[in-house]
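Colleague: Got chain A; can you put chain B on it based on the hints?
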Amino acid sequence: MSGLHVIVEVVIAALLLLGGAFALIGSWGLARLPSLMSRLHGPTKATTLGVGSCLVASMIYFPTHGLAWTAHELLITLFLFITAPISANMIAKAYIHGLKTRVPELAEQSDVMPPVPPNATDWATFEMPKKDSAPDQE
Amino acid sequence: MIATALHIALGCVTLAVLLNLFRLFRGPTAPDRILALDTMLINAIAFIILFGILEASTVYFEAALLMAMVGFVGTVAYTKFLLRGDIVE
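Protein chains in written order, with the UniProt record's numbering: chain A, 1 to 138; chain B, 1 to 89.
Just so you know, these hints were derived from the structure itself, not from any lab. Accuracy of the hints is not assured; some may be wrong.
[As the list claims (entries may be wrong)] Okay, derived cross-link-like pairs now, BS3-like style, lysine-lysine, Cα gap no bigger than 27 Å in a straight line:
#: 1; chain 1: A; residue 1: Lys-45; chain 2: B; residue 2: Lys-80
#: 2; chain 1: A; residue 1: Lys-45; chain 2: A; residue 2: Lys-93
#: 3; chain 1: B; residue 1: Lys-80; chain 2: A; residue 2: Lys-93
[Said to hold, decoys possible] So the derived list for chain B, only partly shown, Cβ under 8 Å to chain A, looks like this:
#: 4; residue: Val-13
#: 5; residue: Leu-19
#: 6; residue: Asn-20
#: 7; residue: Phe-22
#: 8; residue: Arg-23
#: 9; residue: Ala-36
#: 10; residue: Asp-38
#: 11; residue: Asn-43
#: 12; residue: Val-59
#: 13; residue: Glu-62
#: 14; residue: Met-69
#: 15; residue: Val-70
#: 16; residue: Gly-85
#: 17; residue: Ile-87
#: 18; residue: Val-88
Ideal placement from N, C-alpha and C gives every residue a C-beta, glycine not left out.
In isolation and in its complexed conformation, chain A is listed as follows (with noise of 0.2 Å):
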């Protein structure tokens, strides 16, 4: 009883600093990194992580500790992790349609604009909608 007891105390310990750490690691890397498409790497990987890691933490303190288990925590992580590529994407969107917009001077460096993919004349978002691709559009 008392080595399962240890057991689960330190998987717990363990999961709390392993999810601090992948935080602090994110939010590192947004202050830290160059350019915003670099800098998008760091929150939507390592800080999702941390939230997940410090979810499941709770998701083995709570029935271990004599209190009842909820489905919010899976709800949680769950929802994060649906949301956080989506969101990124989105970021991603408007910050290379803003440059190409706003500031296309600054576009033209190899450093700020991600490069164009092969076999492409230029990002998917900059085309034309196609006629058969798009069944909601008239």
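Modeller: Just chain B now, kept in the frame of chain A:
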């Protein structure tokens, strides 16, 4: 042991929020500030969860769940406004 780890994790998340605040004020572009706000919200969710473990109460998870849902809508609204000049078309 859990209490020590919890306090260290709370300190880490507090430092992370301060770093996000630095990026929020520094900018330089609007998407940078949106990203900083989004990250700050994720860190706030982590902080609420850690605080809930510290207080041994499940009430705080309701707030964390609400923030996770509303924060995503907020981020999408900001980026939609930047992209289209309008949120609901």
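Colleague: Among all the numbered hints in the text so far, which are the ones the structure does not match?
Modeller: Hints 12, 15, 16, 17, 18 contradicted; others consistent.
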